[in-house]
Amino acid sequence: MPRPLERSRCILGDVHSRVWAIRLLLGLAALGSALSARADELSYGLVERKVAEIRFVGNTAFESDRLKELLPFREPRWYSPFGRTTYRTDLLQVALRDIQRFYQRQGYHDARVELARIIEDDAFGDVLVIDVVEGRRRLVDRVEIVTPEPLSARALRSSLVYREGEPAPATPQDVGRDVYRLLNRYVAQGFLGVRIDPSLSLSDSLVSIRYVIDAGPAYQVGEVRIEGHTQTKEGHIRRELRLKSGDRFDLEKIARSEADLLNLGWFRDVAFNPGELDSMSATADLVVSVVERPTGFYELGVGTGDEDRFRLSGAWGDRNFLRSGRSVGAQGRLLVSLEDVLGQDQREVVADYEGELLYRNPRVFGSRFDLGASGFFRKETLGLSGVELERSGVLANTTLFTGRRSTLELEATIERVLKLPFKVDATDDELFANPRAQTRALSMVFTRDTRNDLFNPRRGNLRQLFVETAGGPWFRGDNSFNKVLATWTLLQPLPLSWVAGLRVQGGWAEAFHDSRADGVPLEDRFFAGGSNSVRGYRENSLGPRVTTADSLEVADERFLANRPTRGGNALLLVNAELRFPLPLLSRLGFGGAVFADGGNVWENWSRVSWNRLRLNSERDDPFDPTTILDWRTSVGFGIHYNTPVGPLRVDYGLPLKRARLVDSETGNVEEDPHHIWHFSFGHAF
Numbered sequence: 017m018p019r020p021l022e023r024s025r026c027i028l029g030d031v032h033s034r035v036w037a038i039r040l041l042l043g044l045a046a047l048g049s050a051l052s053a054r055a056d057e058l059s060y061g062l063v064e065r066k067v068a069e070i071r072f073v074g075n076t077a078f079e080s081d082r083l084k085e086l087l088p089f090r091e092p093r094w095y096s097p098f099g100r101t102t103y104r105t106d107l108l109q110v111a112l113r114d115i116q117r118f119y120q121r122q123g124y125h126d127a128r129v130e131l132a133r134i135i136e137d138d139a140f141g142d143v144l145v146i147d148v149v150e151g152r153r154r155l156v157d158r159v160e161i162v163t164p165e166p167l168s169a170r171a172l173r174s175s176l177v178y179r180e181g182e183p184a185p186a187t188p189q190d191v192g193r194d195v196y197r198l199l200n201r202y203v204a205q206g207f208l209g210v211r212i213d214p215s216l217s218l219s220d221s222l223v224s225i226r227y228v229i230d231a232g233p234a235y236q237v238g239e240v241r242i243e244g245h246t247q248t249k250e251g252h253i254r255r256e257l258r259l260k261s262g263d264r265f266d267l268e269k270i271a272r273s274e275a276d277l278l279n280l281g282w283f284r285d286v287a288f289n290p291g292e293l294d295s296m297s298a299t300a301d302l303v304v305s306v307v308e309r310p311t312g313f314y315e316l317g318v319g320t321g322d323e324d325r326f327r328l329s330g331a332w333g334d335r336n337f338l339r340s341g342r343s344v345g346a347q348g349r350l351l352v353s354l355e356d357v358l359g360q361d362q363r364e365v366v367a368d369y370e371g372e373l374l375y376r377n378p379r380v381f382g383s384r385f386d387l388g389a390s391g392f393f394r395k396e397t398l399g400l401s402g403v404e405l406e407r408s409g410v411l412a413n414t415t416l417f418t419g420r421r422s423t424l425e426l427e428a429t430i431e432r433v434l435k436l437p438f439k440v441d442a443t444d445d446e447l448f449a450n451p452r453a454q455t456r457a458l459s460m461v462f463t464r465d466t467r468n469d470l471f472n473p474r475r476g477n478l479r480q481l482f483v484e485t486a487g488g489p490w491f492r493g494d495n496s497f498n499k500v501l502a503t504w505t506l507l508q509p510l511p512l513s514w515v516a517g518l519r520v521q522g523g524w525a526e527a528f529h530d531s532r533a534d535g536v537p538l539e540d541r542f543f544a545g546g547s548n549s550v551r552g553y554r555e556n557s558l559g560p561r562v563t564t565a566d567s568l569e570v571a572d573e574r575f576l577a578n579r580p581t582r583g584g585n586a587l588l589l590v591n592a593e594l595r596f597p598l599p600l601l602s603r604l605g606f607g608g609a610v611f612a613d614g615g616n617v618w619e620n621w622s623r624v625s626w627n628r629l630r631l632n633s634e635r636d637d638p639f640d641p642t643t644i645l646d647w648r649t650s651v652g653f654g655i656h657y658n659t660p661v662g663p664l665r666v667d668y669g670l671p672l673k674r675a676r677l678v679d680s681e682t683g684n685v686e687e688d689p690h691h692i693w694h695f696s697f698g699h700a701f
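Under my numbering, the sequence shown has 320 at position 304, and the numbering climbs by one with no breaks.
One should not assume that every hint holds.
[What the hints assert, rightly or not] Simulated restraints, written as ranges between beta carbons of each label pair:
(1) L107 - A204: 15 to 25 Å
(2) Y314 - T105: 53 to 63 Å
(3) E69 - S215: 43 to 53 Å
(4) S261 - R153: 46 to 56 Å
(5) Q508 - R254: 40 to 50 Å
(6) E372 - V590: 27 to 37 Å
(7) R254 - L434: 39 to 49 Å
(8) E136 - V661: 46 to 56 Å
(9) S261 - L600: 51 to 61 Å
(10) Q362 - K66: 35 to 45 Å
(11) G151 - N632: 53 to 63 Å
(12) V661 - G151: 46 to 56 Å
(13) L629 - R676: 13 to 23 Å
(14) N468 - G608: 40 to 50 Å
Everything labelled a hint here was simulated from the structure, so no lab data went into it.
Bear in mind the structure is a predicted one, so any value in this text is a computation, not a measurement.
From the three backbone atoms N, C-alpha and C, an ideal C-beta is built for every residue, glycine too.
Please work from the sequences and hints to get the whole structure.
Set out below in structure tokens:
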């Protein structure tokens, strides 16, 4: 039994323990409260909540739907289940300021946009109530341009954003875009020292804008200085410049000089800047700064697709060979594919190849014209045509005109073609009346390209016209024909990052002179069908099987009995496509597309009639009139994976106008497939 002193010590120990326990609990509670308060403070505005409805109150100038488009989130919609329907209060406040700035840009300078209240509902989502006080709208009453000489006020007005009757700017800083545009108009013509003083005169509902301009003298180029070059000869840079000492500064010539230098492939970057302005003599030096890049290169690539099952390519070259200012190179490709073969049920493994030696002189004899030359050879197998082509030749080309968006090119070609039978039991001399032929041609290509990107464009259009003439009394050779191919492509951006695309292509070819009886040679005809033409059909499988000229050219009747695909002299192709980001996968670079294609080739345009342009056919109807001469159509969808040099593409095509071919001798029936998967690289158009 413990003694009294020991008992008192035990009691004291108990009391101290309890006190410390109580203190610890109180401390933990206080710490928890502090942490909770701190957590609430840190999480303010960062918690995402669901949105059920967005209500705008007080807006009359703009519909609520228009204002909702300015928000980074939206109300839930049945047709957009993957759209973002959550919000954060901090981002909401930023969006409300954006809407207020939108009002101010529309002339409502006193507009206020505020969050009135949030009706919270954890189950179905919150209701956001937003108050809008629009105020009075101010419009531009008058725009005055004082002392615009030597430019005209009328010409300057056309470049302004703020004009009479338009929403007025709120502050002088808001007219910065217009001041910049006016400056550009003067600087483009050499007035480097121009000064523009904008001012605003505000009333209750009207604003007058006044620009006082002091153009100063037109500056001339003093000394032209080149900086940053170590591997490139200075003379090779100077020959690309369209301005020299003593010329007036001209932005258009500077822009074209910059494009010419970059097109050489010698530089990563090129910049033109004026030196210090000498107002006494109205001169300024022109400083050209370049950032060089290695001019030599080699490439090795491996790829695959539905047309080429295996593709191996390689290239070597130097864009400034031995610092001569000239480019040399060599490239080659090996293509291994499964080819549909004339008269056979199974596909054959085919190996095609091509090679080319390249030379380019960007400035021939010091002129503004370039000269490109190459020698080439290639083997190409057309399994459905039962033909193997061996092609070799030389070509020379030059660019007659180059603009910011337009080019005009001229090319001369001498090509020798050897036609060999492919998987046909006959020799080339037995099968073809003229297996060897030489074509001498001159062609011209005009291109107008306003697309915003070469590999993955989202807006703009491409217009191209190709004209070729071969043989005749001028160029001679074994083949004489004329050929025209016109292409128009339109890309239109849509809301939600969608893109609508349309391509229309038409072609015409006709033999003349000594080739009227033989027709246009097989290798120069139009072909249709496949991943970049009419999806849902096999590659180059559409069109007439044997033309009238072919029956004269082909010496073996067994070849005619198998009805090979022989191409045509008339082409009509239309493609429509809708491209869109895939929900949840767009961040990884995946997109989708739906498409409708139509097209075919014919022996000539006289074989095209309105009743051939029906959109679909009834394959189960034994009296269905669909033939290989019909305009063939298809629909389908695709999945794209975007890369820096274009998308990897998988398309699924459903043919709407399948044709049936019956061999009159054997009774064998050949039909177009019910569907086709296409694997390829790059957009279809």
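Against the structure, the hints:
1. L107 - A204: 15 to 25 Å: At 41 Å between Cβs, range violated.
2. Y314 - T105: 53 to 63 Å: holds, 56 Å
3. E69 - S215: 43 to 53 Å: About 45 Å separates the Cβ atoms of E69 and S215, which means 43 to 53 Å holds.
4. S261 - R153: 46 to 56 Å: Holds, since S261 and R153 (Cβ atoms, about 54 Å apart) stay within the stated range.
5. Q508 - R254: 40 to 50 Å: holds, 43 Å
6. E372 - V590: 27 to 37 Å: holds, 33 Å
7. R254 - L434: 39 to 49 Å: holds, 47 Å
8. E136 - V661: 46 to 56 Å: Check passed, 49 Å falls within 46 to 56 Å.
9. S261 - L600: 51 to 61 Å: holds, 60 Å
10. Q362 - K66: 35 to 45 Å: Hint violated: Cβ distance 58 Å, outside 35 to 45 Å.
11. G151 - N632: 53 to 63 Å: holds, 58 Å
12. V661 - G151: 46 to 56 Å: 51 Å Cβ-Cβ, so the 46 to 56 Å window holds.
13. L629 - R676: 13 to 23 Å: This hint holds: roughly 20 Å between Cβ atoms.
14. N468 - G608: 40 to 50 Å: violated, 21 Å
In summary, the numbered hints that this structure violates are 1, 10, 14.
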